Structures are given as C-alpha cells and as structure tokens.
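Please build the complex by placing chain B on the supplied structure of chain A, with the hints as guidance.
Chains A and B, in that order, give the protein sequences. Residue numbering for the first sequence follows my numbering, starting at 1 and increasing by one per position. Residue numbering for the second sequence follows my numbering, starting at 1 and increasing by one per position.
Careful, some of the hints might be misleading.
Claimed, not checked - Now the stretches of chain B that chain A is said to cover, found in silico as 3 or more residues with beta-carbon under 8 Å:
id, segment
1, 30 to 36
2, 41 to 52
3, 121 to 129
As the list claims (entries may be wrong) - Below, a list of computed lysine to any residue pairs in the SDA-like style, where the Cα atoms sit at most 20 Å apart:
id, chain 1, residue 1, chain 2, residue 2
4, A, LYS23, B, ALA196
5, A, LYS23, B, SER74
6, A, LYS23, B, LEU34
The set of hints was computed from the structure by calculation and includes no laboratory data. Computed from a predicted structure; not experimentally measured. Backbone N, C-alpha and C fix where the C-beta goes; we use that ideal spot for every residue, glycine too.
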Amino acid sequence: MFLGTILDTSPCLGQACVVPGLKLDANTQTAGAVVMIIIVLALAWYGNRKWRSPSQSMIGAAPA
Amino acid sequence: MMPRRQPLLNTRQISVAAILGGLSLVTEAFGLSLPGYLPGVNFNLVGAYLSIATMAAGPLGGIIVTILDSFTSSVGFYGLPFYWPHVFFLALFYKRIYAMKSTATKLVGYWIVTAVALFIQYWGWFFLYVYVFKFATTIWPLAVYNFVGVIPYATFLAIYALIPGVVLVTAPNFVRPTWNFPYLKWVAAASIILSAIAVASQAGL
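Same shape as in the complex, but just chain A (with noise of 0.2 Å):
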C-alpha cells in the first residue's frame, strides 16, 4: 500500500498533464518549449564560460 502510495504521487498520472485549474493552450505551450530550449542554451553558454575546471582557471595564474 505505501509502495502504491508513492508510485500514484503524481497528479497527473494517466492523463494528460495540466496543472488543475491552469490549462494552457496549445499555442502557450509551444511558446513555453521554445522558453525552456533558450533556457537550457544559455545555461550552457553561461556554464561554458563561468565554470572551468579549476587546472583552466590556474592557466596564467601568478605563483603563490
């Protein structure tokens, strides 16, 4: 029974997936894919930039 409990959390087991009372359309959720697409790239591009491995960010360092 717990383990049922766990597995049907989801509110949006077997249907659809809308948030009850927030059903957007068709048009709105495709705006928000190409939302979530520009996200993610510039995650990466600002990911690429600020998070070097710290032997690149030694490269040039002055000695202690």
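Chain B only, in chain A's frame:
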C-alpha cells in the same frame, strides 16, 4: 593515512541537475511541448534535460532529473526506473565520446550511443505500457510501431540527441565529465538486465 573521501557530486553538478530537473518538472506540469502529434510520442524536452544532466553531472545528475520529472509526469513514479538504463548506458560511454578530438566523430559517436541507449530504454517502457497501463497485451505491437515504423523512434532520438549534441560541441566546458560513479559498468549492466527480465515477462513467449 586515511583515504581522501570524494563527494559523489560537487556543488556545480548538483546545481546543474537541480536546474534541469526543475525545468523537467515544469515542462511536464504545464504540458510544454513542441508542436506535433504522433501516438506514443511526447514532444516535450525531458529527454534533452536528462541527457545534458547526465553529461554534466553523471548518472546521479540524470537520476535527479528523472526523480523531479516523475512528480508531474503522466506516468508518475512508475516510469522512474525505466529511464535509468539510458542514463547509465550514456554515462558509460560519455567520457570516451568527450575525449574524441574531431567534432564530427564526437557528434556521430554521441548520436550512436544515444540511439543505442534509447533503444534499450524503449523496452523497459514497453513493459510499463503492457504491465501497468494495459495499452496492449504483449510488447510486440509496441515494438513494431516504434522500431519498424521508425518515425516514433527517430523523433524521440532527435529529442534526446539534438540539443545535447549542440551543447556538447558548443559548450564543452559545461558538459566536461569531471564526475565519477562507482561500479558504473556493473550498475549499467544490472539496470539493463533487470529491464530485459521485466520486458521478457511480457513478451508472451
């Protein structure tokens, strides 16, 4: 001397996994998907989030995305373990792909590994659709539709490989595989074998 303990994930990897898992949860909750309709194919980008998280943060990153996704996914937590063979298989080969010198070879390698990972993943989902959701009485109609019909499989492959492939070649520092995962080869094998046993039970043989 005591061996130095390494954390399974560092702060950056946890952040990346949490952000992509959050995007996945929101995507499912609001039904955000690209336009198109094909029975059995979901045009949302969960596969892309899952792949990028696995590349940047290893299997645990991919698993974090699947857990967050399951809260709002239409298959709920039933789908959770059936993503994992894909996650482990991709992680198993990803470091070798990343180390390839030529961009073209890297991209081809990435698409091939993702194609195999997706093929393996599909069988676990067939089990889910037959055993849990009763969409068919055996797995074979689903296998024929997805693999012989080609288009459903190819569509999912594009979702899983296109954006992550772009990220791999344009933002290599972001998806640099600095992660480690103990016994990855054996864990990957175990997840694939368990999935195979599950699907064999529904093969009607």
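List in ascending order the numbers of the hints, as given earlier, that are violated by the structure.
Hints 3 and 4 contradicted; others consistent.
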